[in-house]
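Engineer: Respectively, the protein sequence lines represent chains A and B. For the record, in the first sequence the residue sitting at position 177 is 177 according to the numbering used here, with numbers rising by one throughout. For the record, in the second sequence the residue sitting at position 25 is 25 according to the numbering used here, with numbers rising by one throughout.
By construction, these hints were calculated from the structure, which means they are not laboratory data. Fair warning: there could be bad hints in the mix.
Below 35 Å or equal to it, Euclidean Cα-Cα: the simulated DSBU-like pairs (lysine-lysine) are [to be verified]: (1) B/Lys-61 x A/Lys-42; (2) B/Lys-54 x A/Lys-110; (3) A/Lys-79 x B/Lys-27; (4) B/Lys-57 x A/Lys-79; (5) B/Lys-5 x A/Lys-110; (6) B/Lys-11 x A/Lys-110; (7) A/Lys-42 x A/Lys-110; (8) B/Lys-27 x A/Lys-110.
One letter stands for each residue in the lines below.
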Amino acid sequence: MPARFGVVVFPGSNCEQDCHYAARLVGAQAAYIWHQDTDVSKYDAIILPGGFSYGDYLRTGAVAKFSPVMDAILDFVDKGGLVIGICNGFQILLEAGLLPGAMLRNRDLKFICRYTDLVVENNQTNFTNKALSGELIRLPIAHNEGNYYADEEALGEMAANGQVVLRYCDARGTVNDDANPNGSLQNIAGIVNRQGNVFGLMPHPERAIEDVLGSSDGQMIFKSMISAVSK
Amino acid sequence: MAVAKVYVTLKDGILDPQGQIIGKALKTQGYDNVSRVRVGKFIELDLAGETPEKLKKQVDKISHDLLSNPVIESYTFDIQEEA
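Bound conformation, chain A alone:
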C-alpha cells in the first residue's frame, strides 16, 4: 500500500497543490487536510505547505498555530508521525514550539526568490535518508522571513544531536557568509526535532521535483519520507 501523505491547507496557503503533486510523483497517495479538521490519524506523513497562512499577520505562523488542525498535529507528532513544514510550514512549526528557534526578517529586508545551494549535513534522518552524507543539492527559496535565529543553548543542543539537516552553501559546498541568503545563524536552512520526526526547512523541495523545473533534487526529501514510513 502506498504511503499516505496529508497536505494541510490554511487560509493563505499557496503551495499545497505543488506538495500534493510532488507526493504523488514519487509514489505516495495524497489528500488535502482542511485547517478546521481535527483528525489526521489516517495519514503516514503530514506536509505543512508554504504560503502566507492568515496573511502572515502579527508574525509568520503566529495565528496558524491556533488552528484546530494543529492540536491534531501535536497529537500526531507525539505518536511519532512524520511532519514536514516547508517555508511558511516551517515558520508555523517554530511558532507552535515543535521545533526550536524563531524566524526574523531577512537581514537585507528583501523578499528573496531564487535557487540556493545546500549541503545535506545529516543524511541519517527520516527526511534525508536517500541522500549521501554531505551531498550538495539545489532547491529554490522564496521568503521574506527566513532569517533563522536560536539562542546559544538551543544551537548547542541541535549541534550535539545532529539536528541541523541543511545549511546554505556555495556551489562547492563551502558554508560561509557569502552563501547565506538571509542572515540565518550558522547558515541554517533546515532542522529536525530531537525525536527526528518533525522537519522544517525554508527551501521548497516541492518546486524542484522535475528537471524541467530546473532541479529534481527535491524528490530526495519526499522519497526519504516514503522510505521512512514504509519500514
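For chain A, the structure is supplied; the task is to place chain B on it using the hints.
Structural biologist: What follows is chain B alone, placed relative to chain A:
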C-alpha cells in the same frame, strides 16, 4: 471597560535590520546623537468584565501566547480603566 496597551519589542541582541535602516536614515538627516533604533509593535486591546487582577493575568497570557514570540521578543503592558 478597560484598555490594555501592549508593547512588543525584540530582545537585546536580536538583529533588527529595520531599526538599523531607520538609524541610518536619521544619520543622513543629521541626527548624529541618535545611537540606537529598535522597532517593535504596539497593540491595543479593549476588554471588559473582569477584576483588575484577572485582567492583568489575562493580558499577560495573551501577550505571552499570541502577541509576542518569547524566543525573540519581550513585552510590557499597562491597563487603564475607562469610565
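Engineer: Now, for every hint given, state plainly whether the structure supports it.
Structural biologist: Structure-based check of all given hints:
no. : hint                 : in the structure
1   : B/Lys-61 x A/Lys-42  : holds, 34 Å
2   : B/Lys-54 x A/Lys-110 : violated, 42 Å
3   : A/Lys-79 x B/Lys-27  : violated, 55 Å
4   : B/Lys-57 x A/Lys-79  : holds, 33 Å
5   : B/Lys-5 x A/Lys-110  : holds, 30 Å
6   : B/Lys-11 x A/Lys-110 : holds, 22 Å
7   : A/Lys-42 x A/Lys-110 : violated, 40 Å
8   : B/Lys-27 x A/Lys-110 : holds, 22 Å
In the structure shown, a violation is registered for the earlier hints numbered 2, 3 and 7, in ascending order.
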